[in-house]
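Protein chains in written order, with full-length UniProt numbering: chain G, 1 to 357; chain Y, 1 to 357.
Mixed in with the good hints, there may be bad ones.
Copies of the same chain look alike in the list, so a pair counts if it fits in one copy or across any two.
Said to hold, decoys possible - Simulated crosslink set (EDC-like; lysine to aspartate or glutamate; CA at most 20 Å straight-line):
1) Lys108 to Asp125
2) Lys171 to Glu98
3) Lys108 to Asp68
4) Lys179 to Glu98
5) Lys171 to Glu304
By construction, these hints were calculated from the structure, which means they are not laboratory data.
Number of protein chains: 2
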Amino acid sequence: MPHLKTILVTGGAGYIGSHTVVSLQEAGYDVIALDNFANSVNGAEDESIALKRVEKITGKPVTFYKCDLLNIPELEEIFNKHKIDAVIHFAAMKAVGESMQLPLLYYKNNIIGMINLVEVMEKHDIYQLVFSSSCTVYGEPKKLPITENEQTGNVTNVYGRTKFFIEEMLKDLSRANSKWNIIALRYFNPVGCHSSGIIGEDPTKAFTNLMPYISQVAMGKKDTLTIFGNDYETPDGTGIRDYIHVMDLATGHVAALKKLVSVHLGIQFYNLGTGKGISVLELIKAFERVNNVKVPYMIEARREGDISSMYADASFAEKELSWKAEKTVDEMCADFWRWQTLNPNGYKTPYTNGHCP
Amino acid sequence: MPHLKTILVTGGAGYIGSHTVVSLQEAGYDVIALDNFANSVNGAEDESIALKRVEKITGKPVTFYKCDLLNIPELEEIFNKHKIDAVIHFAAMKAVGESMQLPLLYYKNNIIGMINLVEVMEKHDIYQLVFSSSCTVYGEPKKLPITENEQTGNVTNVYGRTKFFIEEMLKDLSRANSKWNIIALRYFNPVGCHSSGIIGEDPTKAFTNLMPYISQVAMGKKDTLTIFGNDYETPDGTGIRDYIHVMDLATGHVAALKKLVSVHLGIQFYNLGTGKGISVLELIKAFERVNNVKVPYMIEARREGDISSMYADASFAEKELSWKAEKTVDEMCADFWRWQTLNPNGYKTPYTNGHCP
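Okay, chain G solo, but in the shape it has when bound:
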């Protein structure tokens, strides 16, 4: 089995990417990161503000390249320049609603990006890959909690279809060439941020993710939170999701890399969730209580394609990766609010070393 020292992180400047870089560096890996800034903020001279802040947290340098996976020569240059041992592939378009409006953008970036990446990896004889998949590949679950054996493919949106298609392609790759050693991590709903408040989630586009939305309402940047549907078959009528702290997700990637070194998997899929579902209303109430804020909300009709309940059976990852989510909903809420109040304008807020500006 190869020793994995240097990890290429695609989409490293993004929300999950940047948090994972923290965990990777803390675990002793050298990190090369790339990003095209489609979903993240670039600073002067195309540096990544998020990754500059990661360096403040870890005290270690991140080698960063502005690079689009659609640009093969740019990507090749990185592989030529560095001895990369494994790749964690985050880079992707990820907004469900946008994906339905602009399917070609999603298919192009996510699918072609992945094909280019694995082709360049094969060319450089690198076969260790961790892929960011999503619980959306399961579609509407037939039973809960959902295990990795549940059927995939009946996906309700384009974003999820790109993840499903890539999973299928990676299965085919690993069948055709036994050198491939791939872990696809099916994320449930990542929220929260690093407890320092130095890095966090800074959506660059109109967003519908719940926690940034709650947080912007709490700080008065938006008037009201809209809840889509309170007539689901759930205890309080609002949708139930498996929210997982992004730092737990980050350590899940470190666990995946350790697994890749210990055994040849071909390809394996793991749910990364807490195993516990909570409702939209419960998350709002927790956020209000923990942070002593008010989050006014209004109810609107269900959105098409939304699912009533989804939460993971997280036991397979615990058993096989010796990993489980540790952080509580209260921590998710407190950490996110710390980031938000320290950085009211996200990464455009000048860095203040953890003190409120």
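Go by the hints and put chain Y onto chain G.
Just chain Y, lined up with the frame of chain G:
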């Protein structure tokens, strides 16, 4: 509804492509064809031998470009140079066995090729598309004959998955942008060739398609035909398929273009088959009888991924496209043998104006 005059045919130098160009020209369309010669023979100065011969049949010129759909600037040049009204998209890698060995090659060519094509089409405000799909999207059928409403996606090979993924992408495109008007034709098993014997099927790679194989055995180029499995749940134990004469398939494309002009479909799927299944042994026997040849065969074990029986319910295409397959199995066999004997070396045989060399 737009008047469709000039049709771009991708993969125009290939087997189905070249035969369809004959029907298109006979129906009065102007044809621009492109091909990268991945599955077809190029002549001097990168002309297409097949399309030069099509010109002999129809007496009309085919504008041809050597072009790979992975090369966007090349593709754009064709769209800039010509006023294209609709596209028939044949270009794809198509060998099932090879697709399992080289999945990346298939995903790259078929998926990226399609994404590039529709992106360039959108840029040029062209939304009329006929796509070459396949009955492989159905996977193992639950009931026969198979209708277009049958579930797709449980596909047994990579080639078929590229077709299924593209169908799903095209559905998403048409949902997001109502300008798209798309027909996906699910081909059953194309065999035979133009009755002139001037054009035909000339596989450039090791092939497993049944009729070219039968034909090469009949002419002594190969010793024995291998039949994979005679223990299927069929009358004679060999697999049953819906063989359709390639000229019937060709006229199906003309019918599809007429449909696109008459009504806005968004996207619609049609089976192109005869509706009748015959077994491998029956096809061999017909070939021997019709052409008065011997085709020695041997039985081997089933191949993994092969399906017992597959044939179309062809009534939807008949109803909606006013099209049905007309040619008999005897014609399929006689026409193919004429091509084979007139052109023992396929397109490398010098053109002899229909006389045996």
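These are the hints, each one checked on the structure:
no. : hint             : in the structure
1   : Lys108 to Asp125 : between (25 Å within a copy, 19 Å between copies)
2   : Lys171 to Glu98  : between (27 Å within a copy, 16 Å between copies)
3   : Lys108 to Asp68  : both (12 Å within a copy, 17 Å between copies)
4   : Lys179 to Glu98  : between (36 Å within a copy, 18 Å between copies)
5   : Lys171 to Glu304 : between (30 Å within a copy, 17 Å between copies)
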